[in-house]
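Could you build the full structure based on these sequences and the hints that come with them?
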Amino acid sequence: MYALIALGYTMVYGVLEFINFAHSEIFVLGAFVGVEVLLLLQSAGQLSTLHPVFVLFLVIATGMIISGLSAMALERVAYRPLQGGPRLVALISAIGASFFLQDGLRLFESLWRNTFYLNYPSMEILDQAISLAANLVIPVKSLLVIGTALLTLLGLHFFVNRTRIGTAIRAVAQDPDTASLMGVPVNQVIALTFFVGGALGGLAGVLFGLHYSLVNPYSGFIPGMKAFTAAVLGGIGNIPGAMLGGMLLGLLEAFAASYLSLLTDGAFGAEYKDVVAFLVLILILIFRPKGLLGETVRESKA
Amino acid sequence: MISSLAPLGLCAYIAASCLLAFYFPQSVLAFLLVEASLLLLYYVPATAKVKGFLGALVLLVLLPFLGSVNGYYLEVAIQIGIFVALALGLNIVVGFVGLLNLGFVAFYAIGAYLWAVFGSPQANAFISGGLFPLSPNWFFVFLLLSIVVGALTGVLLGLPVLRLRGDYLAIVTLGFAEVVRALVNNLDKPINFTNGPRGITPIEKPPLFFQPLLEFLGLQVTHAKLYPLYFYFLILSMVFIIIVVTRRLENSRVGRAWKAIREDEIAAAAMGVPVVRMKLLGFAVGASFASAVGVLFAAKQVFINPESFTFMESIGVLAMVILGGMGSVPGAILGATGVTILNLQLLKGLSLWLNGLRQSGAEFVIPLIGSYPLSQLPAQFEPAKYERMVFGLILMLMMIFRPQGILPPRQEPRK
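Protein chains in written order, with my numbering: chain F, 417 to 718; chain L, 16 to 430.
Worth flagging that the hints you see were computed from the coordinates, not collected in a lab.
All residues carry an ideal CB built from backbone N, CA and C; glycine is no exception.
Listed below are the simulated SDA-like cross-link pairs for lysine to any residue, each with C-alpha atoms no more than 20 Å apart in a straight line:
hint, chain 1, residue 1, chain 2, residue 2
1, L, Lys363, F, Leu523
2, L, Lys363, F, Ser526
3, L, Lys274, F, Val505
4, L, Lys220, L, Phe155
Covered stretches of chain L, as calculated for chain F (at least 3 residues, CB under 8 Å):
hint, stretch
5, 184 to 195
6, 414 to 421
Facing chain F, from chain L, some residues (calculated, C-beta under 8 Å):
hint, residue
7, Leu115
8, Ile337
9, Arg403
10, Met404
11, Phe406
12, Gly407
13, Leu408
14, Ile409
15, Leu410
Below, the structure is given as structure tokens:
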């Protein structure tokens, strides 16, 4: 899960060397699009008649497309006018965009549904579990998340390293000026990167919604922070790194949640799992800023 | 000719707006006009003496007087003061040194909890002897202590992270603020330090050391009326001290070093500016301001809990600094005042007005299209709840259209 969101951060960072603060809102947007599609299907009475795999596909596809498009729009409105300016300026604008989107989403949902806490309608297929062995039962939900994450990683790896567009993206990431001299349409490539990053965020959002079934406009903040931690942990701008970071962080957090109170004799419980994640972030940034799999981050002027 | 007329006109304006606010104590608008007089004062061409006198008149005499007529005005003024002080602190970090600190609220929380824990029965939970709450006389000691503690935590956080690049620093400070909040939220066990999410109350108020003097003068003021006035003057003097300190720092060796770092770190280092030490100093100064304001906040609120110290607050203060103009003292003051008024008065006023419309059963008629009964306006549509949107818009629009803020620093930074 973190790995998926982290991929979105890494995509954008890798190209622009810029932390897309509003990524967590794109992620939440995906979750909301997902729930809206499901609710619309439900009110049309189609949720139970259509084949569940088709429904899942539909939900994920719309979530990805809408999130991707809004990420592109965001880039157009909030970041492109600031290109070439100091890094802080774009960062602050991103924070602003993030806050604006949170409340914008809330406003929209309040007017539309009269509440901004939305429940995913339950889907039978997801609530089942597959038992692999006597005491090893995996819920379908989790399989879905893990499977999609792996597929996405492979797909993304192929996309970035094997296709023409991927080559263009990497060229812009290395040196935008030279890339543009070589005939790469830099702005379009950046917009495309935002689309891909946003779509990944949307995908993660839909999965998040399906998995936890309750979403609200502010639920992106903590996952967003952690995904960023995961991206940094694995080496930001590095796609397999983001994946590895996400998994490590997820494991660490799960262990912290279950063993922290045992280790400290009940003094510190599961409520400290967020603290653990942030401490990891701070420690990584201090001791190994380039991350576990990272190349050296270019030290450019702020 | 004009320059001699302007102060007179201003006096007339101040008098008129004060009269309005006095005779219409319910009106938000009238009070806004009074507040606007201070802004006008900044722009009007006049000698420093005249400006100083008029400013002091408004702040020291007229506002407290209006506040004693209508307590809500004073409450707003105190809130503005608190945010002005915070914005000035953040302005040093973001504006002078150029370090984006997204966890500024953490230092504010540290200050607030410092006094809250020891100025209430809370500390009895882990220090035996029933010494607590400390008597109000300790308030000023803790105010000083909070400056030290704030500076120390600033240095402690700064030491490891200040070598990071700007955007990483932003994330780490944000993470730090979340860690502080999580700690405060959860440190009610194993030992109850902070009482967790339930918060701490009652917190002692500052001492009324001047009460004998008032009695000597024959003034009988009830505590309910006295405390708001007292806090108003406390925060006013605090803001004044902060402004003086900031001004002195700005024009000193240290201030010049900060700006050099902001403009070009490598060049500054090459010129012999001790970059890390100067950054640490900036971090510590900002943190100590925030921490001291926190002590005052805790004493004013009597009750605090972790809810008051969310990421929202950090962003709010940042929006104030950005709106006013990074690196500009008048800008930070204007930004803080503007945003606070927007939050406390305009948005709330708008909400009330919409509620009124909803209940009046009026209809919003669009010619040719039809009418829309306002009573059906969704109850969720309440401007006061959308301050995040406002902050977000401020940050985004300012960055795109006017990154230097409304009142940019007078010395234009070199490009």
